[in-house]
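Here is how the chains run, residue by residue.
Protein chains: 2
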Amino acid sequence: MDFSLTTLGTASAKPVDNRFSSAHVFNIRGRLFLVDCGEGTQIQLNRFRISMLKIDNIMISHMHGDHVFGIFGLLSSMGLYGRTAPIYIYAPRDFASLLKFYLAHFHQGSQFEINHIVLKGNEPVQIFDSKSVEVYSFPLNHGIETYGFLFKEKMPMLNIHKYKIETYGLTLAEIGALKRGENVNRKDGTVLTAEEFTYLPYTPRTAAYCSDTAPFEKLADWIRGVDLLYHEATYLIEEKDVSWQRYHSTANDAAKLAAEADVKRLVLGHFSSRYKDLQLFLKEARNVFPNCELSQDGMVFDVPMKL
Amino acid sequence: MDFSLTTLGTASAKPVDNRFSSAHVFNIRGRLFLVDCGEGTQIQLNRFRISMLKIDNIMISHMHGDHVFGIFGLLSSMGLYGRTAPIYIYAPRDFASLLKFYLAHFHQGSQFEINHIVLKGNEPVQIFDSKSVEVYSFPLNHGIETYGFLFKEKMPMLNIHKYKIETYGLTLAEIGALKRGENVNRKDGTVLTAEEFTYLPYTPRTAAYCSDTAPFEKLADWIRGVDLLYHEATYLIEEKDVSWQRYHSTANDAAKLAAEADVKRLVLGHFSSRYKDLQLFLKEARNVFPNCELSQDGMVFDVPMKL
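Read top to bottom, the protein sequences are chains A and B.
For the first sequence, position 222 (counting from the first letter as 1) is numbered 221 according to numbering that gives the first Met the number 0, and the numbering increases by one without interruption.
For the second sequence, position 74 (counting from the first letter as 1) is numbered 73 according to numbering that gives the first Met the number 0, and the numbering increases by one without interruption.
Please note: incorrect hints may appear among the correct ones.
Remember, identical chains collapse to one label, so a pair may be satisfied in a single copy or spanning two.
What the hints assert, rightly or not - Within a straight-line C-alpha distance of at most 35 Å, the following computed DSBU-like cross-link-like pairs (lysine-lysine) qualify:
| # | residue 1 | residue 2 |
| --- | --- | --- |
| 1 | Lys130 | Lys151 |
| 2 | Lys99 | Lys13 |
| 3 | Lys186 | Lys151 |
| 4 | Lys239 | Lys163 |
| 5 | Lys255 | Lys99 |
| 6 | Lys153 | Lys13 |
| 7 | Lys151 | Lys263 |
| 8 | Lys53 | Lys239 |
| 9 | Lys263 | Lys217 |
| 10 | Lys13 | Lys275 |
| 11 | Lys153 | Lys305 |
| 12 | Lys239 | Lys161 |
| 13 | Lys178 | Lys275 |
These are computed hints drawn from the structure, not numbers from a lab.
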């Protein structure tokens, strides 16, 4: 059961050699969520062999060009490939004018519906819910309306210890009750407790996406304990003033957040084109939070099933 | 003195591995004309080491996404790189709504002016004129309003044969007149003819760009004799019906045009993603017009100075 992040683009504002603008695919149990859609997203999807037709949900964190200019080509190509399934785009209110422009000029001949779900709220809000996955959006601190995203595998049903079924001659009704976490009171006075008869088949996994944002206090609570945190690191600490003025984070900011929020693993991206040596980001972050990695276009960060 | 075409993107509607959407740079004596601007144009400019800040003139042949979606990122990045020089975009009337949308949402902070020159006309029209270069647009046959472009090096001034200057003791006034192609009548009755005293330092070079279009009769006259013809070849002849229905050309169509128009050299591009083996295009075209080449992303087609 997949739970991974693929980084399609790791540049900030301007694309540079080998680094495209922001675009990320979260594969949550086989369901693909495209998060941000910078110019060339469809090219990167092709390159890394991810079918655009498997994407039904697209999240746009904010309306800066390097996070959204790829949507034109992606939607057009989906039409050319014969897509009929509707697509859901979770984006700030301002996305509406882009969509209106696109629909008026470039959607003729395409056979699928585009739904814009308007992001809002001053704290985490559930924006997607299925049997096995939920997704929340939460506001970031980037000067314009911007959102981060939290992906949560749902709590699975309890499993029955197989050897107990025969030993106790459990009925289907009793198994059902125990799996729902209820205790069973038998007529003979015995109590079969869910705690004794069942176990959690796996612990749900979580991942968060924070780009673009300057640090702010509440964020740590909203992403506390996630297994994987993708966080922007546009600048190094020596450019901290520029970074905060522009509502961005340094590698040090991202690492401090990861430590404070007690996350398991940190992935950095969205590096400014001014830096040639990205290892400096890794060094700076690992000083504060050792379990940190740099993203490169096409890298896959897998979160294994937690048994 | 440069005269070349660099192909940045050679795919048709959908980008595929190693082939971006349409974008081309004509370098005419050091002046760069970007012709079409598919998604990822700025990425290809970076990759092939062409400075986007050296581009002052952009031609958009028509308003299909694969020829124009790169304009958003390109204009944005020009702003981020601190461009102040105005830019001139030669495009059909409908480009105005794209530009309006772009200016309203993504041009804040940029310090340069964007001028839209509306393409029009049922025959070749001069759209650019400088000391050494002129550019014409002409209508193509693509279902929607679409234009091709003709680049012409201007006729240079005549040069005087150096050995004649001393032999005949030519005055500056006489040299000036001869260089303008005028004959000189001396007081002693001698006539110095421009024909005898001067020569053309080089023959002006020409190049034409035709994408996207189905064949039509007048086109051969409009591009007659060019040194370099870039022409679309979306399909092979076996798909001729589909090709014409969609207002495109086959490799055979392009080659027939090149032969009929007596061009010197043909470059094919805009290949449909359905074909894996592009050599088939070359074979088909060379049967009709041998001096033909296939474009690949990043290839440079140079037209040497004609002495």
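Structure-based check of each hint:
no., hint, in the structure
1, Lys130 / Lys151, "within (11 Å within a copy, 64 Å between copies)"
2, Lys99 / Lys13, "both (26 Å within a copy, 22 Å between copies)"
3, Lys186 / Lys151, "neither (40 Å within a copy, 99 Å between copies)"
4, Lys239 / Lys163, "neither (59 Å within a copy, 71 Å between copies)"
5, Lys255 / Lys99, "neither (40 Å within a copy, 42 Å between copies)"
6, Lys153 / Lys13, "neither (37 Å within a copy, 37 Å between copies)"
7, Lys151 / Lys263, "within (14 Å within a copy, 63 Å between copies)"
8, Lys53 / Lys239, "between (39 Å within a copy, 32 Å between copies)"
9, Lys263 / Lys217, "within (19 Å within a copy, 68 Å between copies)"
10, Lys13 / Lys275, "both (14 Å within a copy, 32 Å between copies)"
11, Lys153 / Lys305, "within (13 Å within a copy, 72 Å between copies)"
12, Lys239 / Lys161, "neither (57 Å within a copy, 66 Å between copies)"
13, Lys178 / Lys275, "neither (55 Å within a copy, 54 Å between copies)"
Checked against the numbered hints given earlier, the structure breaks hints 3, 4, 5, 6, 12 and 13 and satisfies all the rest.
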